[in-house]
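Chemist: Residue strings, one per chain:
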Amino acid sequence: MGNILVLAEHRQGVLRDVSYEMMAVAPKLAEQMGTEVVALLIGSEMDELAKKMAAFGIKVLVVDDPLFKDFNADKYQKVLSVLIDDLKPAVVMTGHTSQGVDFMPALAVEKKLPLVADVISLEFAGGTLKATRQLYSGKANAVMAFKPADTYLLTFREGAVEAPDASASGSVEKLDSPLKEDLSYRKFVEYVEAEVGDVDITQSDILVAVGRGLKEDKNLPLIEELAKAIKADIAGSRAATDAGWIPHDRQVGTSGKSVKPKLYIAMGISGAFQHIAGMKGAKTVVAINKDPEAPIFSVADYAIVDDMFKVVPKLTEKLKELKG
Amino acid sequence: MKMFVCIKYVPDTSEAEVKVNPDGVSVDSSRFSFDINDADNYAVEESVLIKEASEGDVTVLSIGPKQSDVMIRMAMAKGCDRAVRIEDERIAVYDPLMVAKVLAGAIKGQEFDLVLTGCMANDDWHMSTGVALAEELGVNHASMVKKVEVLDGKKVKAYRELEGGLMEVVEVELPAVLTIQTGINEPRYAPIRGIREAQKKELKLASLDDLGLDAATVNADASMVVLEQLYIPEVISSAEFIEGEPDEKAAKLASILVKGGLV
Chain U
1 MGNILVLAEH RQGVLRDVSY EMMAVAPKLA EQMGTEVVAL LIGSEMDELA KKMAAFGIKV
61 LVVDDPLFKD FNADKYQKVL SVLIDDLKPA VVMTGHTSQG VDFMPALAVE KKLPLVADVI
121 SLEFAGGTLK ATRQLYSGKA NAVMAFKPAD TYLLTFREGA VEAPDASASG SVEKLDSPLK
181 EDLSYRKFVE YVEAEVGDVD ITQSDILVAV GRGLKEDKNL PLIEELAKAI KADIAGSRAA
241 TDAGWIPHDR QVGTSGKSVK PKLYIAMGIS GAFQHIAGMK GAKTVVAINK DPEAPIFSVA
301 DYAIVDDMFK VVPKLTEKLK ELKG
Chain X
1 MKMFVCIKYV PDTSEAEVKV NPDGVSVDSS RFSFDINDAD NYAVEESVLI KEASEGDVTV
61 LSIGPKQSDV MIRMAMAKGC DRAVRIEDER IAVYDPLMVA KVLAGAIKGQ EFDLVLTGCM
121 ANDDWHMSTG VALAEELGVN HASMVKKVEV LDGKKVKAYR ELEGGLMEVV EVELPAVLTI
181 QTGINEPRYA PIRGIREAQK KELKLASLDD LGLDAATVNA DASMVVLEQL YIPEVISSAE
241 FIEGEPDEKA AKLASILVKG GLV
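Keeping their order, the protein sequence lines are chains U and X.
Under the numbering used here, the first residue of the first sequence carries the number 1, and numbering increases by one thereafter.
Under the numbering used here, the first residue of the second sequence carries the number 1, and numbering increases by one thereafter.
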């Protein structure tokens, strides 16, 4: 059986968390499948990063060429397409990230291989690889079984598992780049940093955050009153920033900021995993949501199942009273 | 600029209870409210914005039931020119690779500059259909796009939203597929006149046979994955649930926060 090939993702010289996290999942799967984990790095000047991945006690293959200085979906697809033919891996695993989702579906179509995206757990039993993923706002799990194939493709969700320690020694092997010249039809231009706002919510002690449940921006004063009463900064979920209620630089979540306040009060936020990934570093979490099934309650310390519009005004009043 | 925009009719489950049917592979959707997928709504708006700036033309594509005609008419009321709704129960809709093949079948043979899709469907979260569609069509793509600039009609500059709010700017030669991220624009409300005009626009219904597609290439047998089981995961919460009337809950919470020195 072929190896489990894990694409170690990196950006601007730094390995992404998901690269480490997959090292918690891939070795277990390798054991079930009776094979080994091999990491793959595609980039330029990869020596340091290769050492870090090898510390998981695995072989690291490196395609190191200035052509790969910046991520390019088409180039990654080309490299993996060639490596699938050459190495015949049993599994190719990448992060379910802005990189993984940008080329894995195209690779699956090109190579006529099965793909399961956004996987949160994996199991190989009785000769079948099964991948679990979430549906319907995270309220249902789906078990997807792969039909037998030469190579299984999957993208693994960032933040789904904890990264293990890396203290073993592995090996690094450089591969010839399968790509000899640059591609002209898709070009990397530049990175544009996120806009900086008036408040840096990553430094806030107390955050009150609102989501889709706010319904419209004329309800904002309710939240501003509460924030003022407890000297909190205001943040929002993706729904709240997309709607324009909250400035984009105050978005909490995967595509926004990761925050770690002492107190995080989430109101009208259902708690999609992308949001939870951005606020699980909070010390104490209060969640107010009218849906008892809302995933936000899984990370809450104090929970109120109710309509935020009925609870928040009284909460503000009481807090003002108690704090004098 | 000749465009296609692919949209999906999805249930809003953000505040709904989700129950698995006895068959174990579908959910009871009888009480869900359905509408256009979030990201697709932004894709429709972006297609109309590009059309208005370049005298373009937009065809809506959707795979879905008769009820979704309302959503499709709304996209046409906002400015899309015509639509094709594909309905065929043989399509393995749980596999985005099969969905992409069907959409490609509906586009192939026609000229286009851009295909826009939402970058993710709210119901199944794959984020795979648009990128797979690009490969089926043999054209370029960029995913998770939060800003588009059309350059000279031959290229677009696409701003991809990465983790942490960083943007990756790429230039992509046309024709191309762009998967659109929410927040890229402010989707308009359909004007009354548009709603009237949309009734007169063409909405064609197509089966796989109409598209010249062999069902055996996009059905459950063709799919290389099987949806084996759906189940409701246990929400493990160690939270202290505060009970009572809304006022009581608020008072109790205030007291906990103050006494605990949290505020």
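By construction, these hints were calculated from the structure, which means they are not laboratory data.
These numbers were taken from a predicted model, which means no experiment stands behind them.
From the three backbone atoms N, C-alpha and C, an ideal C-beta is built for every residue, glycine too.
Certain hints may be false.
Unchecked claim - Below, in silico cross-link-like pairs of lysine to aspartate or glutamate (EDC-like), each with a Cα-Cα straight-line distance of 16 Å or less:
#1 U/K314 - U/E224
#2 X/K252 - U/E193
#3 U/K290 - X/E245
#4 X/K259 - U/E321
#5 U/K320 - X/D247
#6 U/K290 - X/E15
#7 U/K314 - X/E173
#8 U/K130 - X/E15
#9 U/K187 - X/E15
#10 X/K147 - U/E224
#11 X/K252 - U/E224
#12 U/K314 - X/E149
Said to hold, decoys possible - In silico contact screen, one side only, chain X against chain U (beta carbon under 10 Å); selected entries:
#13 S33
#14 M127
#15 T179
#16 V225
#17 L230
Chemist: Compare the structure with each hint and give your call.
Modeler: Structure-based check of each hint:
With a C-alpha separation of about 14 Å, the suggested pairing of U/K314 with U/E224 holds against the 16 Å cut-off. The straight-line distance between the Cα atoms of X/K252 and U/E193 is roughly 42 Å, outside the 16 Å bound, and the hint therefore fails. At most 16 Å may separate the alpha-carbon atoms for a hinted pair to count; U/K290 and X/E245 meet this at roughly 13 Å. As the CA atoms of X/K259 and U/E321 are separated by approximately 13 Å, the hinted pair is consistent with the 16 Å bound.
Distance hint between U/K320 and X/D247 is fulfilled; the C-alpha atoms sit about 15 Å from each other, no more than 16 Å. A hinted pair counts as satisfied when its Cα atoms are at most 16 Å apart, and U/K290 with X/E15 qualifies at roughly 8 Å. Distance restraint check for U/K314 and X/E173: the Cα-Cα separation of roughly 56 Å exceeds the 16 Å cut-off, and the hinted pair is therefore not satisfied. Restraint check: the Cα-Cα separation between U/K130 and X/E15 comes to about 29 Å, which exceeds 16 Å; the hinted pair is violated.
Under the criterion of a C-alpha separation no larger than 16 Å, the hint pairing U/K187 with X/E15 is inconsistent with the structure, at around 41 Å. Proximity of X/K147 to U/E224 is assessed by CA-CA distance (about 30 Å); at most 16 Å being required, the pair is judged violated. Between X/K252 and U/E224 the CA atoms are separated by roughly 21 Å; this puts the pair beyond 16 Å, and the hint is violated. In summary, the hint linking U/K314 to X/E149 is not supported, as the alpha carbons are separated by about 47 Å, beyond the 16 Å threshold.
The closest approach between the C-beta of X/S33 and any C-beta of chain U is roughly 13 Å, which is over the 10 Å cut-off, so the hint fails. About 4 Å separates the beta-carbon of X/M127 from the nearest beta-carbon of chain U, less than 10 Å, and the hint is met. About 8 Å separates the beta-carbon of X/T179 from the nearest beta-carbon of chain U, less than 10 Å, and the hint is met. Against a cut-off of 10 Å between C-beta atoms, the interface hint on X/V225 holds, since the closest Cβ of chain U lies about 5 Å away.
About 5 Å separates the beta-carbon of X/L230 from the nearest beta-carbon of chain U, less than 10 Å, and the hint is met.
Of the numbered hints stated above, those contradicted by the structure are hints 2, 7, 8, 9, 10, 11, 12 and 13, listed in ascending order.
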